Amino acid sequence: MLADVVRYLVCPVCEAGLEQADRTLHCPTGHAFDVARQGYANLLPGNARPGTADTPEMVRARDEFLRAGHFTVPTERLARSVSRAGPSLVVDAGAGTGHYLSRVLDRTPDTAGLALDISKHAARRAAKAHPRAGSVVADLWRPLPMRSGAADVVINVFAPRNAAEFHRVLHDDGLLFTVTPSPRHLATLVKPLGLLSIDKRKTERTDAALAGYFKLDSRQELETEAVLTHDEVVTLVGMGPSAHHVPPEPLRERLKQLPDPVPVPLSFVLSTYRRLE
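The UniProt record's numbering numbers the first residue of the sequence shown as 1 and each following residue consecutively.
Wrong hints could be hidden among the right ones.
As the list claims (entries may be wrong) - Cβ-Cβ distance ranges computed for the label pairs, FRET-style: (1) 277 - 230: 46 to 56 Å; (2) 230 - 147: 37 to 47 Å; (3) 257 - 147: 44 to 54 Å.
Unchecked claim - Keeping only pairs whose Cα atoms sit at most 25 Å apart, straight-line, the calculated DSS-like set for lysine-lysine is: (4) 191 - 256; (5) 215 - 202; (6) 215 - 200; (7) 191 - 202.
Don't read these hints as lab results, they were simulated from the structure.
These numbers were taken from a predicted model, which means no experiment stands behind them.
No residue lacks a Cβ here, since even glycine has one placed at the ideal position from N, Cα and C.
Given the sequences, and given the hints that come with them, work out the whole structure.
Laid out in structure tokens, this is it:
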């Protein structure tokens, strides 16, 4: 619930601490933010724009895809890895529907979770993902509406990475867990569907983007396969970098040349980074 994580939040306008009274978050200087009836709070600054935030249809499709268990391997491995850290607060930066955060909290009974996402439709679902999860609409590219040093762990799954802000909100011994696709992810679909291929240096570039704030602690490569219907392939492509490269209708036309369902290779890199002083 949002009430469980309010003490970690700050006002996006003046950065003062927030408190909750009924269905309003407020700071000492008078700024107030409504808590939606679905349980999430929108802490985007007034001049922020959601841009390409997930629509209700995208959120619904992705939620169904994840609930079907196609990403069980990275979900379970991430939850197991985070649980070993024994965190008090886990922040899911780019949480979507809260799927990954929910599984982490299932494995860590004394942990609170905070889901951050720029989509209010995703935040609405994340607010209900787990009894110990609070959900906030926030832009990962802006200062996060959180107290410095508040979090033990930040998880970041297929989402933008703001190294400076992740570093700021983690305490001195905090950990950052990222899940990214490897070059083998969806490899058999790239040519027939005209998808963007994953950069072979993606993991190296991720390390470089975090350098100066984090050092690599450990890395796991996760390989699996899913047998997906054409509708599920459309949803999966919409969750990655090809979403704006191949629109759904041309994608469906190209899919007609493939069997339905079709086996799809799934390949992920789970990296653990330790915060630098």
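Do the hints match the structure? See the list:
1. 277 - 230: 46 to 56 Å: holds, 50 Å
2. 230 - 147: 37 to 47 Å: Roughly 46 Å apart at Cβ, these two residues keep to the hinted range, so it holds.
3. 257 - 147: 44 to 54 Å: With a Cβ separation near 53 Å, residue 257 and residue 147 satisfy 44 to 54 Å, so the hint holds.
4. 191 - 256: Roughly 14 Å separates the two Cα atoms, so the pair holds.
5. 215 - 202: holds, 16 Å
6. 215 - 200: OK: residue 215 and residue 200 at ~21 Å, within 25 Å.
7. 191 - 202: Between residue 191 and residue 202 the Cα gap is close to 19 Å, so the pair holds against 25 Å.
Every hint, counting from the list given before, is met by this structure.
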